[in-house]
Amino acid sequence: MIRRKEIFFRLGLVIALSATLLALVLPVVAIFIQSGPAELLASLGRPAAQDALVVSLRSAAICLVVVVAFGTPAAYLLATRRFPGRAAVITAVELPIVLPPSVAGIGLLAAFGPHGTLGGTLESLGINLPLTAAAVVIAMVFVSGPLYIRQAQAAFAALDPRLAHASSVLGVGEARWFGRVAVPLAAPGLGTGATLAFGRALGEFGATLMFAGSLQGVTQTLPIAIFEIFGTDFTAALAMGALLVAVSAALLLTVKLLGARHGAEPAYPHAALSLRS
Amino acid sequence: MGLSLRIRTPLSHFDLDVAEEFGDGVTALVGPSGAGKTSILETIAGLRRPASGRLVGNGRLWLDTASGVACAPRERRVGYVFQDLALFPNLSAGQNVAWGIGGSRTQRREEAAELLRQFGLDGDMDRPVTVLSGGERRRVALARTLATMPTTLLLDEPLTGLDARSRGDAVAALRIAISRVDGPTVLVTHNFADAADLAEEVLVLEEGRIAQRGTAASIGAAPASRFVASLVGANALEGRATPRGGGLTEVYLTGGSRVLSTDDAVGPVVATVFPLDIALAPAPAPGSALNAIGATVRSLSAIGPHTRVRLSIPEELIAEITTVSAERLGLAPGQTVRAIWKATATRLVSR
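Order-wise, the sequence lines are chains A and W.
Each residue of the first sequence is one higher than the one before, counting from 1 in the numbering used here.
Each residue of the second sequence is one higher than the one before, counting from 1001 in the numbering used here.
By construction, these hints were calculated from the structure, which means they are not laboratory data.
The structure displayed is predicted, hence computed values, not measured ones.
Note that beta-carbon positions come from the ideal geometry of N, C-alpha and C, so glycine has one too.
Heads up, a few of these hints could be off.
[Unchecked claim] Stretch-level coverage of chain W by chain A, calculated; a stretch enters the list once three of its residues show a Cβ under 8 Å from a Cβ in chain A: (1) 1070 to 1082; (2) 1318 to 1326.
[Stated by the list, open to error] No farther apart than 25 Å at their CA atoms in a straight line, the calculated lysine to any residue pairs in the SDA-like style are these: (3) A:Lys256 to W:Ser1033; (4) A:Lys256 to W:Pro1089; (5) A:Lys256 to A:Leu185; (6) A:Lys256 to A:Arg82.
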């Protein structure tokens, strides 16, 4: 009886993995099956595709700089301090991970739009954010920031507290400790978080479309360009899709290699995507 | 100048409640893991704040919860060698040692090099600490601690997990460090032998309280409780004492056996006897020893020339005899023997 149960169980495992592969891998593979290399190259020659790629990479790069510059110290603070309302702050920071893109887009408009919470202030300063290149970056920061902060916070929290104790007993201030030891030791986790955030920023679509629109060469990112073109030119959409898949796959591989080099399974995806860890 | 310490604070399973003076020599805090030893060190270093307490270090008030005084760790000039050393793994040996040194880059480098040299690590300045051996890392940690010229030295389990050979080197390095600190040294260990090796005075800590204080020799000779007896490696047997005359006291053990001691005691006592003082003989017993108790061999473990024999009388009794005599007796589990020791080797402590 036990024997037969075992066989069914193992069969179940294999069926589950096959179904998973069908659901997750087939759509990605299909992009490459349906678009040949010749079409891929031809479509990359289109100005719309080139513009979109530039907008995507440039915006995601600026987004990453912003996220790392502010997210690293913020994550360190959350990882090393206990203060009233800390759990609420962490939840608020993580919330964008689970928000639907439409909610994110509406939220950004409500905050920074002409009639939004900060709209008046920004207008008096002569700043109009919606439908600008800056809006693309803001949308990307909103969706990718939480992924980085989660990873960075986990990386700082994993540092042996005795190292910080040793430093403080030796009379050295926290700023030097942060820069010379904490950040270098957390670097693998920070790198993983940065890669995930960059990938998420590249893939950002819904909130950008609502908040920044789709102006070619200004706010039209690669995902938006694909959406614009697929009704009229499915082949070109496929080719641009293939490009995005290739870039994202290269990023994921980087994460895996970063993780492997430090002898651990990469914290992605369970640590990044589960809400509590 | 010493340390004067009074702390009371809840730990997870009991309250830490200690009020002691520490002189300028080496004082050891001995107790099992979880007794509160490290909590005391962390309080002295300023890394942990007790619920209530007062701490005067080298003549300065470091902590007084009543008046809200709490010096930061850096103001106390305490050198703390952590149990796991807590070296910064991304830095070289030299950078680790230089961490707490002030001044220009060259100055810091020179001082670090000099300290490493004093600990026999001349060529290791630029080696990452992760490639150093365990012994080398220990010495880097000591050099790093001395770099700030501390006036109090705290050592957390500095000899734990060492084999016999590295232990000698580690003790030598610790002696260098201790001699360089002009003030009290507090050593924390779960091993009484470590305390006996390094400390002038020993405080035995049991569940947050000091169970006994004295020199290692005096505690070893007369453990004040069953707990201290087991800590110093003695057998502890519970029973009731009655004076028998002729300078002898008779103790009837809970399991029914009778033990004689030259100590005076009446009523419930713990009788302690060291494993090395117990001899084994085939039943029945010869000899002049006053204690000769029937015992059953439970297990044997030979460690080189010595063999530890676990006996049941029926209380557990450990005897340590030479492997030669264990073989001559043909000891085997289940065998009945006589455990023999002198009445003068039996210490009695009232319960």
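Hint compliance check: list the failing hint numbers for this structure, sorted ascending.
Those not satisfied are hints 2, 3 and 6.
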